[in-house]
Amino acid sequence: MGRASRTGIDSFHRSSSAKLCAVGCDRPMQHLAFERRGRGEPLLLLPGAGADPCLWDAVANRLAPSYELHLAEIAGFAGRPRGKGSLWPAVLDELVGYASTLDTTIVVGHSWGGFLGWSLLVAGMNVKAGVVVDSMPALGALLTKDRTALDRAVNERVARLRGVPPEALARHLEPSIVAMTRSSEQADRVLALAARSDPEALADAMQAAWLADLRPALASVDSAVTLVLPGDEHLAPEVRAAKHALARQQIEELPSHRVVAVPEAGHYVMLDQPEALASIIHDVAEAV
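Numbering (our numbering), first residue to last: 39 to 326.
Careful, some of the hints might be misleading.
[Said to hold, decoys possible] Straight-line Cα separation of at most 25 Å, SDA-like style, residue types lysine to any residue; simulated pairs:
no. : residue 1 : residue 2
1   : K281      : A187
2   : K166      : A225
3   : K183      : M244
4   : K166      : R75
5   : K183      : V202
6   : K183      : L284
7   : K122      : E106
8   : K122      : S138
9   : K183      : G121
10  : K166      : P275
11  : K183      : P254
12  : K183      : A225
13  : K281      : E291
14  : K166      : Q288
15  : K166      : A187
16  : K281      : R234
17  : K183      : P275
18  : K122      : R234
19  : K281      : T182
20  : K281      : P119
21  : K166      : S104
22  : K183      : A233
23  : K166      : R296
24  : K183      : P203
25  : K183      : Q288
26  : K166      : N99
27  : K166      : K183
28  : K183      : A102
29  : K281      : P203
30  : K166      : Q287
31  : K166      : A102
32  : K122      : V202
33  : K281      : S294
34  : K183      : A197
35  : K122      : P203
36  : K183      : H282
Honestly, the hints are just simulated from the structure, not real lab data. Here the structure is a predicted model, which is why all the values come from computation and not from measurement.
Sequences are here, hints too, so could you generate the full structure?
Okay, structure coming up:
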């Protein structure tokens, strides 16, 4: 996958360490660790902000008999110690380095992990295909089309998050997590993990994803990409329609892509419909 546009992840491409890692990084990773399961073709599974690999378990159990799963653990998320310095773009630097050690791979990312997946695809690494679960290459467009207003809104949110004491993080995150989940039990599970995260790491993650715009680079992506959208039946019809239309519009420039909707699922598709998501990933792996 040789071609890559530099537009949209300039901060990454300006980093000389990122370029060194891209051709084989042998220094210890500060922001990433990987849990391996199964044997076969490698699949990278990337979690959302504040999430733990355990949220992939129901999907991973279905895939492990046929694939070698590399489940990413992010420093500062779900009780893991925060790495040195800012999470972004260092975590992408390390992800590129790790991906370069694999002969080829399929990347699967959910939410913020989807943003990581988009970034890896744009970087032109040896990725055969991408499966992005409920994530967009320009997430900030959900808030506003005005760049100045977006910068202001995101930076205000980030500043508030950085100021949250760890003991108050659960209360701060609860409204957004409740809005993204389909049951109180699911919300409790996700919140219990996210509340153990480092506010600074979450703030770094939020700022990177909401301010990035990777759309100009999509035309240079060689990999086939499958965008998985949840049915979002819990959302108001007009909100759901607008979100799904924007997601489809944002990936129009990808040379090879498709959109798959998963009914009876919210943002955490891997929890709501693990069998359906595992089947989608399997079909992608078999097709490339």
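Here's how the hints hold up against the structure:
1. Restraint check for K281 and A187: the C-alpha separation of about 19 Å stays at or below 25 Å, so the hint holds.
2. For the suggested pair K166 and A225, the alpha carbons sit about 34 Å apart, so the restraint of at most 25 Å is broken.
3. Distance restraint check for K183 and M244: the Cα-Cα separation of roughly 18 Å lies within the 25 Å cut-off, and the hinted pair is therefore satisfied.
4. Simply put, K166 and R75 have alpha-carbon atoms about 20 Å apart, close enough for the 25 Å limit, and the pair holds.
5. For a cut-off of 25 Å, the pair hint linking K183 to V202 is broken: about 28 Å separates their Cα positions.
6. Distance check on the hinted pair: K183 and L284 sit about 12 Å apart at the alpha-carbon level, within 25 Å; holds.
7. For the hint pairing K122 with E106, the CA-to-CA distance comes to about 29 Å; that exceeds 25 Å, so the pair is violated.
8. Pair hint K122 plus S138 holds up; C-alpha atoms about 22 Å apart against a cutoff of 25 Å.
9. Distance restraint check for K183 and G121: the Cα-Cα separation of roughly 33 Å exceeds the 25 Å cut-off, and the hinted pair is therefore not satisfied.
10. With a CA separation close to 35 Å, the supplied pair K166 and P275 exceeds the 25 Å bound.
11. Pair hint K183 plus P254 holds up; C-alpha atoms about 15 Å apart against a cutoff of 25 Å.
12. A hinted pair counts as satisfied when its Cα atoms are at most 25 Å apart, and K183 with A225 does not qualify at roughly 30 Å.
13. Annotation: proposed proximity of K281 to E291 holds, straight-line Cα distance about 18 Å (limit 25 Å).
14. About 21 Å separates the Cα atoms of K166 and Q288, which keeps this hinted pair within 25 Å; it holds.
15. About 37 Å separates the Cα atoms of K166 and A187, which puts this hinted pair outside 25 Å; it is violated.
16. A threshold of 25 Å between alpha carbons decides the hint, and for K281 with R234 the separation of about 29 Å lies outside it, so the pair is violated.
17. Between the alpha carbons of K183 and P275 the distance comes to roughly 21 Å, so the proposed pair stays at or under 25 Å and holds.
18. With a C-alpha separation of about 18 Å, the suggested pair K122 and R234 falls inside the 25 Å cut-off, and the hint holds.
19. A threshold of 25 Å between alpha carbons decides the hint, and for K281 with T182 the separation of about 12 Å falls inside it, so the pair holds.
20. Proposed proximity of K281 and P119 is contradicted: the alpha carbons are some 34 Å apart, above 25 Å.
21. This hinted pair checks out: K166 and S104 have alpha carbons roughly 17 Å apart, not beyond 25 Å.
22. Distance restraint check for K183 and A233: the Cα-Cα separation of roughly 31 Å exceeds the 25 Å cut-off, and the hinted pair is therefore not satisfied.
23. Proximity of K166 to R296 is assessed by CA-CA distance (about 15 Å); at most 25 Å being required, the pair is judged to hold.
24. Restraint check for K183 and P203: not satisfied, since their Cα atoms lie roughly 32 Å apart, outside the 25 Å limit.
25. Using a Cα cut-off of 25 Å, the hinted pair K183 and Q288 holds, with the two alpha carbons roughly 13 Å apart.
26. Taking the CA atoms of K166 and N99, the gap is about 22 Å. The hint holds against a cut of 25 Å.
27. With a C-alpha separation of about 32 Å, the suggested pair K166 and K183 falls outside the 25 Å cut-off, and the hint is violated.
28. A hinted pair counts as satisfied when its Cα atoms are at most 25 Å apart, and K183 with A102 does not qualify at roughly 41 Å.
29. This hinted pair does not check out: K281 and P203 have alpha carbons roughly 32 Å apart, beyond 25 Å.
30. Restraint check: the Cα-Cα separation between K166 and Q287 comes to about 23 Å, which is no more than 25 Å; the hinted pair holds.
31. In summary, the hint linking K166 to A102 is supported, as the alpha carbons are separated by about 19 Å, within the 25 Å threshold.
32. Note on K122 and V202: the hinted pairing holds, with a Cα-Cα distance of about 20 Å set against a maximum of 25 Å.
33. The suggested pairing of K281 with S294 holds, with an alpha-carbon distance near 21 Å, which does not exceed 25 Å.
34. This hinted pair checks out: K183 and A197 have alpha carbons roughly 21 Å apart, not beyond 25 Å.
35. Restraint check: the Cα-Cα separation between K122 and P203 comes to about 19 Å, which is no more than 25 Å; the hinted pair holds.
36. At roughly 16 Å between alpha-carbon atoms, K183 and H282 fall within 25 Å of each other, so this suggested pair holds.
The structure fails to meet hints 2, 5, 7, 9, 10, 12, 15, 16, 20, 22, 24, 27, 28, 29 from the earlier list, while all remaining hints are met.
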